[in-house]
Amino acid sequence: MNTDNQKLLELRGLRTYFFTRQGVVKAVDDVSFTVEKGEVIGLVGESGCGKSITSLSILRMVPEPAGKIVGGKILFKNENLLEKSEEEMRQIRGNRISMILQDPMVALNQLLKIGYQLSEPLKYHGKAMGQIREKCIELLKKVRVSSPETRISEYPFQFSGGMCQRVVIGMGVSCEPDLLIADEPTTALDVTIQAQILRLLKRVKAEFNASIIIITHDLALAAQICTRVLVMYAGKIIEKAPVKVFYENSAHPYSNGLIRSVPVVGRRVERLYSIEGQPPSLLNPTAGCRFAPRCQKAKRICNLQYPPEVILGDGHKVACWLYAEE
Amino acid sequence: MQNLDDLIAVRNLKKHYLLTKGFVFSKIAGYVKAVDDISFSISSGRTLGLVGESGCGKSTTARLLLGLESPTSGKVYFEGKNISTRKGPELIKFRKNIQAVFQDPFRSLNPRKKIRQIIAEPLWVHKTLPKKKISTRVCALLETVGLSASHADLYPHEFSGGQRQRIAIARALALNPKAIILDEPVSALDVSIQAQILNLLIDLQNQFHLAYLIISHDLAVIEHVSDHIGVMYLGKLVEMAPRDKIYSNPLHPYTRALLDSVPVADPTMIKDVGLEDEVPSPLNPPTGCRFHPRCGFRDNECSRVAPELVDVGAEHYVACHLS
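Which chain is which? The protein sequence lines are A and B, in order.
Heads up: the first sequence at position 91 corresponds to 91 in the working numbering, and the numbers run straight through without jumps.
Heads up: the second sequence at position 190 corresponds to 190 in the working numbering, and the numbers run straight through without jumps.
Don't read these hints as lab results, they were simulated from the structure.
Misleading hints may appear alongside valid ones.
Residues of chain B clear of chain A, computed beta-carbon distances all greater than 12 Å [claimed, not checked]:
#1 Ala-195
#2 Ile-202
#3 Arg-243
Here are the simulated DSSO-like cross-link-like pairs (lysine-lysine), alpha carbons at most 30 Å apart as the crow flies [stated by the list, open to error]:
#4 Lys-21/B <-> Lys-205/A
#5 Lys-141/A <-> Lys-21/B
#6 Lys-21/B <-> Lys-317/A
#7 Lys-21/B <-> Lys-142/A
#8 Lys-37/A <-> Lys-21/B
#9 Lys-75/B <-> Lys-113/A
#10 Lys-113/A <-> Lys-202/A
#11 Lys-244/A <-> Lys-271/B
One side of the interface only, derived from the structure: several residues of chain A facing chain B at Cβ under 7 Å [unchecked claim]:
#12 Phe-18
#13 Glu-46
#14 Val-70
#15 Asn-80
#16 Leu-82
#17 Thr-187
#18 Ala-188
#19 Ala-223
#20 Lys-244
#21 Val-245
#22 Asn-249
#23 Ser-261
Quick caveat, the model's predicted, so the values are computed rather than measured.
Heads up, the beta-carbon is just placed ideally off N, CA and C, and yes, glycines get one too.
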C-alpha cells in the first residue's frame, strides 16, 4: 500500500505508432517505467529514439491522426490517462502535469506580454483569482528574473534565451504540478546559462516538491540532476538504473558506448570511443535486439529474439541477452 | 604568437558594425564591437579552438578569416601575405586555401542538388581539375570521409545528420585547402555520431596536414581536438594558451567560470557553483574589463582600465589585472 502511494506515474507497455504511407513507425514500442514522488528521471537517448514521443504520449499530445497510442496504460495517481476525456485531460495539462520545451524563444508567443502568458495557466485552472498580477510577480521572483514588476509588461523578444527559459519554467510550475516534464530544457542555451537553469530546476523541485522527467541527449546533464536514468534506443527502454549505478556500472553495451563516447573536460583521451553505424529506422524494426547490428558483443540470439528485461540489482534492469538465459 | 611565418596570423583584428537610427537622414547610433582587437596564429597541422558564449564574436572571427566580411581594421596574414585587403578575383583565388564547415548540415547542403554536384561545385568554380577527372575525385573524396562512391547520386535528405556532416567535410576538402574553419561542427549531432566526426577530423588533419580553427561552445569538444585554445568574451580574447594549460591552470576568472559550468558525467561530482547573470549587451559593453560586472574577484581598477593580453610565460596569455 505504501509503495502505491509513492507511485506518481506508471507507464505499462505503452505503444505509440505513427501510420505513414511507407508503413508503421513504431516510435514508442512497449515502454514501461514508474516515476515516484520527488524523483528526477532522466530519459536519455539519441534523436529519433522516441523519448519526446514518450513524453507527448503522457500528456496525450501525440500529433494525430498520423500518430496514435495503440496500446498500454498510463497511470497517473492510479488513474489511466488513456481513458480520460479530452476535457478531463485539459484539467490535467499545465495543472497536474506540465511541460517545459526545448527552445524558449519558440515556446513563448512573441506577440503577447510575458505577464499575460505567465497568467494563462493560472487563469485557466482558476488559481489566484483577483490577484493574478501579484502571483505572476511572485513567480518571476521565484525563477530569479530581476525587476519582475517592469519585466512583466515586456515582450519575449526583449528577453534573452536564458531569461525566456526562466519564464517558461515559471509557467510550468505556476499551478504547482505534481509532475514536470522538461524536454531538452537547456539544449538551446550557453554553458553558463545551462548551469543556471539546472540550478533553478533543482531549486524549483525542492520548493514545489514536484517529480521531474528530464528528456536529454546529454549524459553529463543527466548525471548532474537525475536520481534515476532510463536509456532509450529505437523506441525501447534498454536500461534503467539509479544514477550512481548507471555511471559506474552500466550494463548494456549501448549505454557503455554512450558514456565512453562523450568527451569529458579534464579527462582527454587520444581517441574517442565511437559506436559505429547509425541508429536503425523505426519502420519495420527487426524482431531481435535493435542494437544488435551495431553491437560488438552480439550473439546469434540477439538478432532473432528481443531480450527479456533482467534485474541486475536494486532498481537496475537491463534488456540484453548478455545477462539473460537463452 | 608574434610569428608572421605561421600559416594564418591575425593581428589586431577588429570588426565593428555600425548601427544607424532613422531612415533618410540616418544618424550613427553606435557601434557593435563584434571583434575588438584580437591577435592569434595557427600553424600548419595544428588546431586553434575558440570558445565563448553566444555573441562573443567567435563566428565573426571565422567570417573574417574566410574573407566573407572585411575587417574594420587589423590584418589577416596567410602564408605571410596580408589577405584582408584583397577583393574580387584575387579574393576568390585565395579562398581555395581556406574552406569552411558549418554547424547545421541540414542547412549547409542544397536540398535540390545531388551529393555529386555539391562536392564538385568548388572544383567547377576554381577549375583546378579537368572536367573528366571531377567524377573520380568526388568518389575519392567520399571514401576519404568514410562514405562510399555509391552515395554520389543521392540527395541530402537521404542522409542522416552525421553523414551530411561528412559530406560537408568532403566538400571542404575538395580543393586541397591548407586550412579549414569549423564553426560548431558537431553541436547539431548526437553524441555517438559526434565522436565519429571528431575522430574523422583528427584523422584528416594528420593525413593532409591541415590547420583547423574550431569554434565551439562545448569545452569538452574543444579540449579533445585543439592544440591551442582561445577564450573569447564580448569580442575580446581574454585568455589564450596551449590546451593543457587552459584546463589545468586557467588564469582568467571567466575561463574558470566556464569550466565550472560544464556538467560532468559523474553523479558523484555535483557542481553547484557558476556564473550568475548573463553576457551584457555588446552595444553597450561595460567599461574597463568587460567581464568585471560578473567577476567575483573584481576591484576598482577593473571597472576603469581594460587589461591587456599579457604573456605570463610558456605561450600562456591572459587579459586580467589580477594575474
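How the hints compare with the structure:
Listed as a non-interface residue, Ala-195/B fails to keep its Cβ farther than 12 Å from every Cβ of chain A; the least gap is roughly 4 Å. At the 12 Å boundary, the C-beta of Ile-202/B falls inside the reach of chain A, the nearest C-beta of that chain being 8 Å off. Annotated as non-interface, Arg-243/B brings its C-beta within 12 Å of a C-beta of chain A; the closest such distance is 8 Å. For the hint pairing Lys-21/B with Lys-205/A, the CA-to-CA distance comes to about 46 Å; that exceeds 30 Å, so the pair is violated.
With a CA separation close to 35 Å, the supplied pair Lys-141/A and Lys-21/B exceeds the 30 Å bound. With a C-alpha separation of about 63 Å, the suggested pair Lys-21/B and Lys-317/A falls outside the 30 Å cut-off, and the hint is violated. For a cut-off of 30 Å, the pair hint linking Lys-21/B to Lys-142/A is broken: about 38 Å separates their Cα positions. Our distance criterion of 30 Å between C-alpha atoms is broken by Lys-37/A and Lys-21/B, whose separation comes to about 55 Å.
Restraint check for Lys-75/B and Lys-113/A: the C-alpha separation of about 46 Å exceeds 30 Å, so the hint is violated. A threshold of 30 Å between alpha carbons decides the hint, and for Lys-113/A with Lys-202/A the separation of about 27 Å falls inside it, so the pair holds. About 15 Å separates the Cα atoms of Lys-244/A and Lys-271/B, which keeps this hinted pair within 30 Å; it holds. A least Cβ separation of about 18 Å between Phe-18/A and chain B goes past the 7 Å threshold, and the interface hint is therefore violated.
Taken as an interface hint, Glu-46/A checks out: its beta carbon lies about 4 Å from the nearest beta carbon of chain B, inside 7 Å. Below 7 Å, beta-carbon pairs count as interface contacts, and Val-70/A has none with chain B, the closest being about 27 Å; its hint is therefore violated. The interface hint given for Asn-80/A is broken, as the beta carbon of that residue sits about 33 Å from the closest beta carbon of chain B, more than 7 Å. This hint is violated: Leu-82/A has a C-beta 31 Å from the nearest C-beta of chain B, more than the 7 Å allowed.
Interface hint at Thr-187/A: violated, since its Cβ lies 9 Å from the closest Cβ of chain B, which is beyond the 7 Å cut-off. Hint on Ala-188/A is violated. Least Cβ distance to chain B is approximately 10 Å, over the 7 Å limit. The beta carbon of Ala-223/A is positioned within 7 Å of a beta carbon in chain B (closest approach about 5 Å), and the interface hint is therefore held. A hinted interface residue such as Lys-244/A counts as satisfied when its beta carbon comes closer than 7 Å to some beta carbon of chain B; here the least separation is about 5 Å, so the hint holds.
The beta carbon of Val-245/A is not positioned within 7 Å of any beta carbon in chain B (closest approach about 9 Å), and the interface hint is therefore violated. The restraint placing Asn-249/A at the interface with chain B is violated, with a minimum CB-CB distance near 12 Å, outside the 7 Å limit. Because the smallest distance between the Cβ of Ser-261/A and any Cβ of chain B comes to about 4 Å, under 7 Å, the interface hint for this residue holds.
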